[in-house]
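Enquirer: Same order as they appear, the protein sequences are chains A and B. The first sequence begins at 4 in the working numbering and counts up one residue at a time. The second sequence begins at 10 in the working numbering and counts up one residue at a time.
Any given hint might turn out to be false.
As the list claims (entries may be wrong) - Cβ-to-Cβ under 10 Å is the rule here; a few derived chain A residues that face chain B: (1) Tyr60; (2) Ser120; (3) Gln122; (4) His142; (5) Met143; (6) Val318; (7) Gln321; (8) Lys336.
To be verified - Not close to chain B: a few residues of chain A, all C-beta gaps over 12 Å, as computed: (9) Arg27; (10) Asp38; (11) Ile91; (12) Met97; (13) Gln106; (14) Gly147; (15) Ala188; (16) Ile279; (17) Tyr283; (18) His339.
Said to hold, decoys possible - Quick look at which bits of chain B chain A covers, simulated, 3 or more residues with Cβ under 8 Å: (19) 77–85; (20) 118–132; (21) 146–152; (22) 195–209.
Simulated from the structure, these hints should not be mistaken for lab results. Note that beta-carbon positions come from the ideal geometry of N, C-alpha and C, so glycine has one too.
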Amino acid sequence: MKSPRLTDTTLRDGSHAMRHQFTRQQVREVAQALDKAGVPVLEVSHGDGLSGSSIQYGFSGTNEMELIEEARNAVTQARIAALLLPGIGTRKEMKEAIARGAQVFRIATQCTEADISQQHFGMVKEMGLEAVGFLMMSHMREPGVLAEQALLMEGYGADCVYIVDSAGALLPDGAAARVRALKEALKVQVGFHAHNNLGLALGNTVAAIDAGADQVDGTLRGLGAGAGNAATELIAAALDKLGFDHGLDVFGLLDAAEFIVAPFMAFQPIPDRDSIAIGYAGVYSTFLLHAKRLGQQYGVDPLEILVELGRRKTVAGQEDWILDVTIELAKQKELHEREAGVR
Amino acid sequence: MMDRLLDGKVKVAILGSGNIGSDLMVKILREPGHMELSLLAGIDPQSEGLARARSLGINSTTQGIDPVLADPEIRIVFDATSAQAHLRHEKMLRDAGRIAVDLTPAARGPYVIPPVNLGEHIDEPNVNLITCGGQATIPLVYAVSRVTPVSYAEMVSTIASQSAGPGTRQNIDEFTDTTARGIEVIGKAQQGKAIIILNPADPPILMRNTIYALLESDSVDHQDIVDSIDKMINTVQAYVPGYRLKNAPVFEHRETPDGRKTLVVMLLEVTGAGDYLPKFAGNLDIMTASARQVGEVMAQHILEQRVKP
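Construct the complete structure from the given sequences, taking the supplied hints into account.
Expert: Below, the structure is given as structure tokens:
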């Protein structure tokens, strides 16, 4: 049975959990191990995509272009992908990434805003490269709306469009329904990208595969934003159990996760209190570390911050609103305490 | 005051009867200053903006730029069409000796931010208004850099999805590039970066901008920076009433590629005046309000030259 294609994004989504401090050595070792284990595509970029290095999202420790080149030089069969969010990065950075060895582009928009990606798909297709569309925060819209947006990306030249559960807020039936809607609407492939905030990353990925997903994403040890992603090694094991001819070295991936990635991880992302709040409130997974830092700085519970950001319907990339909300909550808290003191 | 000395009006016209052109029309009619709006020129007979002009008793045309060129009394022409159309209009207006205030991304003339550098370009035949995000954030970058050198400034503009027209959507790279360049050239940050985010929430969000400025030096009085920012907010409020900081500027230290630096964070909100466009579209409001301000200052300048012996 033909297997869904696995893209490993440890070196992109994992960048969030590493506070964008990946070193060349880490990138080389991870890329070599994934390549050797037969993973066909690996993504390397700042966590927020090309040009994400910023005050808003965090500065990169090492320039992502150097990391892309490092990964490219480390692989024999795997192809290197780069992520781009229109509005953050531009075609200028995409061209440089191509010069450094990127062969696949994943172009991500908020799931209602696909029409800001036309320029970028156009350029990738002009260069004869593979283009994948990412509909972020897909839990915020119903399957039919997502299918309309996916059709726009298909029209711009996408070879595949992903349902991206950026908030880790979907349950398996929601993930499957969204993948199915795209499968029915599109001629091109459909993918699924999971986050583990509700502990469902692997379950949702399996549900997406059942619904016909042609491509899925994973990260070694689940290293990624929020509670992390579906673990690449777990997906490989599951593909095995599901009876797919996946061509992946499952034990090789277990070793890579255990002996290469785990030792350098700053922490193991898990669905803990604040991460679950992200999935529950439906906010962007990358808000986690920013909310923790500001919560501590202003004496506000990160859980309250995250829930309020969900109530305000924030979307991908709105990290600056975390400060905004934290200041407001801190002021409210001070007011309450003062009133309580008076009484 | 100069105002009392200046009698008369300068005739102006608006090219483009879409959302931007129509909102600008309402603004100029509400507050004409030294301008007299002679004509709203579009090309689409079905345009809602042209219908509005007719109902307000303003001359309108579906013949595009030709009737504008045919009236020699029209001195200032606001171009709210598209970058592509402006490339054509620019030469025609220049040859006809008219001043073009360009609201498109074409950027044939110098960038202007009214409270920062309009004076330097008052005699230019063509000035460009950068982007809505640039009009909102560059004044505040400049408010910091006029006190102390800024090594890096970054703006993040979050606008309601409904307020982003096809022009912005199809040219989002140009938005970020142009805004970043404006932060450097006019905001005077050594390096600039711009990020734009579209938020589809319903009801729509008000335009929000966050401005980050990294200071070169640590030995600067924060109060001087706060005072300069407050002053700039007041200056911009004079022509964009809905321009305000949501909270006092935040100062913190950040690790950067150049070491530990002082960071100033400004959380800005822009509420539209609700002239033709809804109030949430602060991004469009600040563009038309800035254009009106540029037109008014240029009109005064033209009248001043007329009274000179």
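Enquirer: Now tell me if each hint is right for this structure.
Expert: A quick look at each hint next to the structure:
no. : hint    : in the structure
1   : Tyr60   : 9 Å, holds
2   : Ser120  : 9 Å, holds
3   : Gln122  : 6 Å, holds
4   : His142  : 13 Å, violated
5   : Met143  : 8 Å, holds
6   : Val318  : 5 Å, holds
7   : Gln321  : 6 Å, holds
8   : Lys336  : 15 Å, violated
9   : Arg27   : 16 Å, holds
10  : Asp38   : 30 Å, holds
11  : Ile91   : 5 Å, violated
12  : Met97   : 10 Å, violated
13  : Gln106  : 21 Å, holds
14  : Gly147  : 15 Å, holds
15  : Ala188  : 20 Å, holds
16  : Ile279  : 23 Å, holds
17  : Tyr283  : 19 Å, holds
18  : His339  : 18 Å, holds
19  : 77–85   : violated (count 0)
20  : 118–132 : violated (count 0)
21  : 146–152 : violated (count 0)
22  : 195–209 : holds (count 7)
Figure legend: structure checked against the earlier numbered hints; hints not met, in rising order: 4, 8, 11, 12, 19, 20, 21.
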